[in-house]
Amino acid sequence: MNSKIDFVGNRKWFFLISGVIILAGVLSLLVQGLNLGIDFKSGTRIDITMDKPVGQQAAQAQLEKMGYANPDVTTGGNGQIVVFQTTETLDSGKVEQIRDQFSKAFHQKVQVEEQKVDPVVGRELARNAIISVLVASLGIILYVTLRFEYRFAVAAVLALFYDALFIISVFSLLQLEVNLVFIAAVLTIVGYSVNDTIVIFDRIRENMDREKPKTWEELTALVNISIQQTLVRSINTVLTVVFAAAALYLFGGESIKNFSFALLLGLFSGAYSSICIASQIWVGWKWRSMQRPKSVPGS
Amino acid sequence: MKVRKGKVVVFSLLVIAILATVGLTTQQVIKNLTLGLDLQGGFEVLYEAKPLDKGQKITPQVLASAAGALQKRIDVLGVSEPEITVEGKDRIRVQLAGVTDPKKARKILGKPAVLTFRAPDGKKILMRGTDLAEGGAKQDYDQNGRPAVMVKFKDKEKFAKYTREYVGQPMPIYLDDQQLSAPVIQEPILNGEASITGNFKAEEAKQLAELLNAGSLPVKLKELQSYAVDASLGKASLQDSLIAGLYAVGFIFLFMIGYYRLPGLIAVVTLVAYSYLVLLTFSLLHVTLTLPGIAAFILGIGMAVDANIIMYERVKEEMRIGKSIPVAVKSGSKRSFLTIFDANITTIIAAAVLFYFGTAGVRGFSVSLIVSVLVSFLTAVALSRILMNQLLKANVLKNPGWFGVKEDEIGEL
Chain X
1 MNSKIDFVGN RKWFFLISGV IILAGVLSLL VQGLNLGIDF KSGTRIDITM
51 DKPVGQQAAQ AQLEKMGYAN PDVTTGGNGQ IVVFQTTETL DSGKVEQIRD
101 QFSKAFHQKV QVEEQKVDPV VGRELARNAI ISVLVASLGI ILYVTLRFEY
151 RFAVAAVLAL FYDALFIISV FSLLQLEVNL VFIAAVLTIV GYSVNDTIVI
201 FDRIRENMDR EKPKTWEELT ALVNISIQQT LVRSINTVLT VVFAAAALYL
251 FGGESIKNFS FALLLGLFSG AYSSICIASQ IWVGWKWRSM QRPKSVPGS
Chain A
1 MKVRKGKVVV FSLLVIAILA TVGLTTQQVI KNLTLGLDLQ GGFEVLYEAK
51 PLDKGQKITP QVLASAAGAL QKRIDVLGVS EPEITVEGKD RIRVQLAGVT
101 DPKKARKILG KPAVLTFRAP DGKKILMRGT DLAEGGAKQD YDQNGRPAVM
151 VKFKDKEKFA KYTREYVGQP MPIYLDDQQL SAPVIQEPIL NGEASITGNF
201 KAEEAKQLAE LLNAGSLPVK LKELQSYAVD ASLGKASLQD SLIAGLYAVG
251 FIFLFMIGYY RLPGLIAVVT LVAYSYLVLL TFSLLHVTLT LPGIAAFILG
301 IGMAVDANII MYERVKEEMR IGKSIPVAVK SGSKRSFLTI FDANITTIIA
351 AAVLFYFGTA GVRGFSVSLI VSVLVSFLTA VALSRILMNQ LLKANVLKNP
401 GWFGVKEDEI GEL
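For the protein sequence lines, the chains are X and A, in the order given. So for the first sequence, the UniProt record's numbering puts the first residue at 1; every next one is plus one. So for the second sequence, the UniProt record's numbering puts the first residue at 1; every next one is plus one.
Each statement offered as a hint is correct.
Result set (DSS-like, lysine-lysine): computed pairs, CA atoms no more than 25 Å apart in a straight line:
#1 X:Lys41 x A:Lys103
#2 X:Lys94 x A:Lys104
#3 A:Lys316 x X:Lys4
#4 A:Lys220 x X:Lys41
#5 X:Lys94 x A:Lys222
#6 A:Lys89 x X:Lys41
#7 A:Lys104 x X:Lys109
#8 A:Lys5 x A:Lys393
#9 A:Lys104 x X:Lys104
#10 A:Lys103 x X:Lys65
#11 A:Lys50 x X:Lys41
#12 A:Lys111 x X:Lys94
#13 X:Lys4 x A:Lys323
#14 A:Lys235 x X:Lys257
#15 A:Lys316 x A:Lys7
#16 X:Lys52 x A:Lys235
#17 X:Lys104 x A:Lys235
Computed from the model, here is a short list of chain A residues facing chain X with C-beta under 8 Å:
#18 Leu46
#19 Asp342
#20 Ala343
Quick look at which bits of chain X chain A covers, simulated, 3 or more residues with Cβ under 8 Å:
#21 125-139
#22 181-191
#23 225-238
#24 248-259
Calculated directly from the structure, the hints in this document are not laboratory data. The beta-carbon is built from N, C-alpha and C at its ideal position, and this holds for glycine as well.
Pulled out of the complex, with its shape left as it was, chain X reads as follows (with noise of 0.2 Å):
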């Protein structure tokens, strides 16, 4: 059986385009870095959700007039949500007053989300979610050490570092608003990628044992073959979960629509990764492997 697609035969590219993705990523997290949301910062978050749409400029008039200069102000939901953040510590007080002029300026019944930080505990949370993914990542090359090898081990996690510093670089691309729900969608995808990439390298293993391949030739083809008949499995699931993950983003509502964006980013590049980046280092690793021992003459 010979493979349709030739994978490994096109790895260069995938080496090249997944470069210069990481590239651009990691220049725009050095110019403009991430968007950080009140999580992370100190200050005071309002959400406000007006019955009818608002513009931006109508809710940042009322806001000056309350003597805030030059308010952070966006909308969300169509207009409806207008969102006010602020580095002051707000008191009660403060937002009840916000509430009564929206109210009253706009005719109609208000709802407000309060969310006060101190960016102590923010970051916090980012450092133990760095941490975790360390942690985790040193946990999965153990396990999959014992019980395949430590190449694979090495490559899946590579693959897994891939998948969360792409969705960390789209969201600083893109300037979308970084919070501690995006650091737990980084970590759902941590999980993700592993698993996937898992379920390719199991049959690259079990070829492999039946296999035997000798020469260069003959690895990539199986690595194609391992690749091809994992590939169904592969795009069904993540259709399967991209389904999940797209309702949530078209139907949950607005304050989880970044988590689902990176969600679905997550999902696309954990499935990518681990066809062509995680599969691609290990085959050229192994080979470079399988090579060491005919170098040595007479070993």
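Once you have looked at the hints, place chain A on chain X.
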């Protein structure tokens, strides 16, 4: 081979039993779920405990007693099922579902409420709130009809001694750093009772009396984070996410049946069981369901189906190389098992690490991840096999088309 009707009946009964259980009890299960503040409205605040005075150390005991004092104060607010959790070395998180007036809640929760009776210089402390008798504070009115708080001391003698010592002089009364009043002592007070007047309304005096009875906080509380959401907004979020969930599940079901045919139908039954069992586990473990939690749950349905897909693809592969349906199903499920196992163990490792290092929100998330992986093992692997085996034994699985395999795809063995 003859069709064995008995096995078909067992299969049908199993399916009916599953669907009936789900249909009849889901409402009850959902009612018992604990919803997060973002879904039902309420007020949440994270405090950092700081020493009242320099020498004090924030020990776990001090934190626990502060949490106890907060609990008593919440009883004053009359909130049902408050959640008070001690986090880390010096944090206390308070979650009050259904509280819509964060202003009032803050006032009652965060105040140290240390009451002191001081010497005329305003510095030396004579009596403290801790000297009050149990439940010794109540709201009342003074001779001029102004709202006041009456307090009663445990140790009458001590108070009598001080009032004798400072007779004719003022005895300032402080709440925290604020002077409430400085009444001049007309004559020694022997019955251990005192009246505190301030510039307060009856309602405020009542609140102060309740605060004093609840006891002062053993620490200073600094607000690190707070969150308040209107109940109607929470309800809307819940509704939105449920609608999204219905669409997601609908799509997944259609896709599975359309692509995998009969096994797809079995997958749908196992997914129904999966969703039900996950919700049931949430309600039994009292996992608080938040908006991201629901999102993770919906996503989890998509991921649980992965186990079905891995198995069915394997079975189809075995059929394509010419194996008979029963043989293909058996070897397909056997061979896919380790794949599913390894892939899921890595997810559990990741989730367990998240639980260990994560704070409240992330923890809830990792619990739901672990629960969904474990349950999906039970349903997508075990239940799915049981159902499939019944049909195999019944000898009704004859047409490869039922598996979505075309005749011309099947090669020779």
